[in-house]
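Here the structure of chain A is known, so what remains is to put chain B in place on it, guided by the hints.
2 protein chains.
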Amino acid sequence: MRNFTFSNTTKIIFGRGAEEKVGREAAQYGRKVLLHYGGGHIVRSGLKARVEAALREAGLEIVELGGAQPNPRLSLVREGIELARREKVDLILAVGGGSVIDSAKAIGIGVPYAGDVWDFFAGKAQAEEMLPLGVILTIPAAGSESSNSSVITNEDGWLKRGYTGEVMRPAFALLNPELTYSLPPYQTACGVADMMAHIMERYFTNEPDVLFSDHLCEAALRGIIQYAPIAVREPENYAARSNIMWAGTIAHNDLLGMGRIGDWASHNIEHELSALYDIAHGAGLAIVFPAWMKYVYKHNPERFVQFAVRVFQVEQDFFNPERTILEGIRRLEEFFRSIGLPVRLKDADLPADRLEEMAAKATADGPLGSFVPLGKDDVLAIYKLCNS
Amino acid sequence: MRNFTFSNTTKIIFGRGAEEKVGREAAQYGRKVLLHYGGGHIVRSGLKARVEAALREAGLEIVELGGAQPNPRLSLVREGIELARREKVDLILAVGGGSVIDSAKAIGIGVPYAGDVWDFFAGKAQAEEMLPLGVILTIPAAGSESSNSSVITNEDGWLKRGYTGEVMRPAFALLNPELTYSLPPYQTACGVADMMAHIMERYFTNEPDVLFSDHLCEAALRGIIQYAPIAVREPENYAARSNIMWAGTIAHNDLLGMGRIGDWASHNIEHELSALYDIAHGAGLAIVFPAWMKYVYKHNPERFVQFAVRVFQVEQDFFNPERTILEGIRRLEEFFRSIGLPVRLKDADLPADRLEEMAAKATADGPLGSFVPLGKDDVLAIYKLCNS
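Residue numbers (this note's numbering), protein chains in the order written: chain A, 1 to 388; chain B, 389 to 776.
Read the hints as simulated data drawn from the structure, not as lab findings. None of the values given here were measured: they were computed from a predicted structure. Do not take every clue at face value.
What the hints assert, rightly or not - Every beta carbon over 12 Å from chain A, so not counted as near; a handful from chain B, in silico:
(1) Gly418
(2) Ala442
(3) Gly545
(4) Glu554
(5) Met646
(6) Leu743
Unchecked claim - Pulled a few chain A residues facing chain B out of the computed Cβ check, cut under 10 Å:
(7) Ile13
(8) Glu218
(9) Ile224
(10) Leu255
Said to hold, decoys possible - Selected chain B positions facing chain A (in silico; Cβ < 7 Å):
(11) Thr397
(12) Ile401
(13) Gly403
(14) Phe600
(15) Pro623
(16) Tyr683
(17) Gly763
Virtual Cβ for every residue (Gly too), placed ideally from N, Cα, C.
So here's chain A without its partners, still in its complex pose:
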């Protein structure tokens, strides 16, 4: 096990009515709040009006910035930074899913920074502070509600890049599973794939002697696999929605990855897909992750056998590890399919004519991943497996 530091200070308030506490929580951080959100869903559902009323009741003044999109855009982040500076807001409240929260994080680190906010995502600067950030989560998926990272898409070249820094953890996050009842099955499934990927990125490590957190990762995956089909089938099933929502936070609050080095190649390989085609990140991951597995499993067959046996209860063939491994990957694909996700490019109606270009872009800053470092040819081979 590697040395590590774990410090996750986000206060999570979870359960029915959690969002009603937004006034009390937000008021601890100032008087003027930038309310950041995406599209019209939270307007139509009445959530926005309820949140505004709660904020006003707690004496807060509201500045509004809507329009955050999936794969959130740098241009809106820059607009938000200008707005927050001009209005001298004290804190940001993100109402939405991972895209809104990531966008809010980027605004939050951009406001106190003298340079251009893209510097952080381009690896040219480290953020030293962030405006206090509160979250009302409506989509369990990205785990951004307590994670230390943000992913932003720069329209100039459609570069999708992540930045990680401890200052980016939200101060508080309000998680009401009932707010996710209106998520359509496809979006629910995409969220499930995203959280599973967050766990699997940490699970596939070269670090020896991490069996305790191996067990935790496998358990989290099994819990998600148990509840996800129910959440997809019965959108108003509180048991499924609440367990899936909490799973999304646990999957990415760093606890499961302590003492290990994660891989994260699949995330980066997927980023090129969603940057180019605007496919949902989770759907892209359902396509990329099994392909990545098929390409790298020979590097550490034991770990893939363990995955197959412990996560998917594959009956182990002790004489033929490869058979066990491939059955594990097949069951992962089968699970993704069963909840309505694509597992090949063609399932998502994506063309396969720009694989070279994506592989070049994905590896422009060097090889991807740590489990097996992947150069351009490796990534291209994985994209081809996405098209097999």
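Just chain B now, kept in the frame of chain A:
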């Protein structure tokens, strides 16, 4: 799943050499530190001298209070409160195991409180603040390094009582698994029983629809069961020591219990044993927990079947749940025995002549537990099972 708030702000620095960072971490909280510890072990090992040098190098002034005992005593807590007030210390540094940390927590909430510190443990007052507390952990067991609770023994009547409050989380905790190499096998095993009990107290709940955290609890138990025999057999095995040390923190940092209501009757039933006979808390738990299980399993056989199958891989007898359940409890006892722990009073050379008295004391403030609320007669029956 129940509504909950999760907020664990303790910064954990984990790994080889972690304690060397004590100066930098402590200096963030002031200039004068109360160094609290137990017996001579940290003196003989040289740890105390190294810690003092690091603190002085960081410009801190040290006030010393040794002598914390297992089942830490109220009298020393009161002495520490007087000392900390007189010397106007800014923070406390606890170097040791759960007893030292619990003692330090009690001192820390006592210093700013106008009344008597026992008020908190007697349920007469709520702590509103605690002096900042740092920890260098030498015994993985109690999880007190990031928990929100403390257990203190009042010599006046040998009352052992716990107090829980969010202000009691340490500010930072330094965990170096190498510092646990010198723990004797018996003490290592007692720590293992303690952390397993922390998980099982949360696991046995009446709350429905918590299968995600069920999986996490079972995983944590399996990880501990896998590494504990190695740590007992090979004291300098870093893999085992590091996984067990991290498990002890996870077992009690509250994450595994979110959305559930824990039971905690076994802890209270054990407290009477260790208050009266000064047996190690973990050894007492190894005796009490299986007895508690035998007494209550009929209340929710399904949960005990799940425990047996998932934690101890008992081959399920679908036609005879009781057989499966009893085999699970038998394997838990067998596991405790295998790492050198007692599972009956006589194994620990404890007499059985004051069971009535203990049952009366344990239930003096009302029934124990929430899974099955236990009155005096129930607790007496459990003590008798400890003597079966």
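Taking the hints in turn, this is what the structure says about them:
1. Gly418: Consistent with the label, Gly418(B) stays out of reach of chain A, its closest Cβ about 20 Å off (over 12 Å).
2. Ala442: With a cut-off of 12 Å, Ala442(B) remains clear of chain A, as the shortest Cβ separation is near 17 Å.
3. Gly545: The claim stands: Gly545(B) keeps its Cβ more than 12 Å from every Cβ of chain A (closest is about 38 Å).
4. Glu554: Non-interface label on Glu554(B) violated, nearest chain A Cβ at 10 Å vs cutoff 12 Å.
5. Met646: The assertion about Met646(B) is violated, with a minimum of 7 Å to chain A.
6. Leu743: It holds; Leu743(B) is separated from chain A by about 37 Å at its closest Cβ, greater than 12 Å.
7. Ile13: 5 Å, holds
8. Glu218: 6 Å, holds
9. Ile224: Holds. Min distance 7 Å.
10. Leu255: The hint holds - Leu255(A) has a Cβ within 10 Å of chain B, the shortest such distance being about 7 Å.
11. Thr397: Constraint on Thr397(B) satisfied, holds at 5 Å.
12. Ile401: With a closest approach of 5 Å, the Ile401(B) hint holds.
13. Gly403: OK, holds: Gly403(B) within 7 Å of chain A, min 3 Å.
14. Phe600: Given a least distance of 4 Å, the restraint on Phe600(B) holds.
15. Pro623: 16 Å, violated
16. Tyr683: With Cβ-Cβ at 28 Å, over 7 Å, it is violated.
17. Gly763: 31 Å, violated
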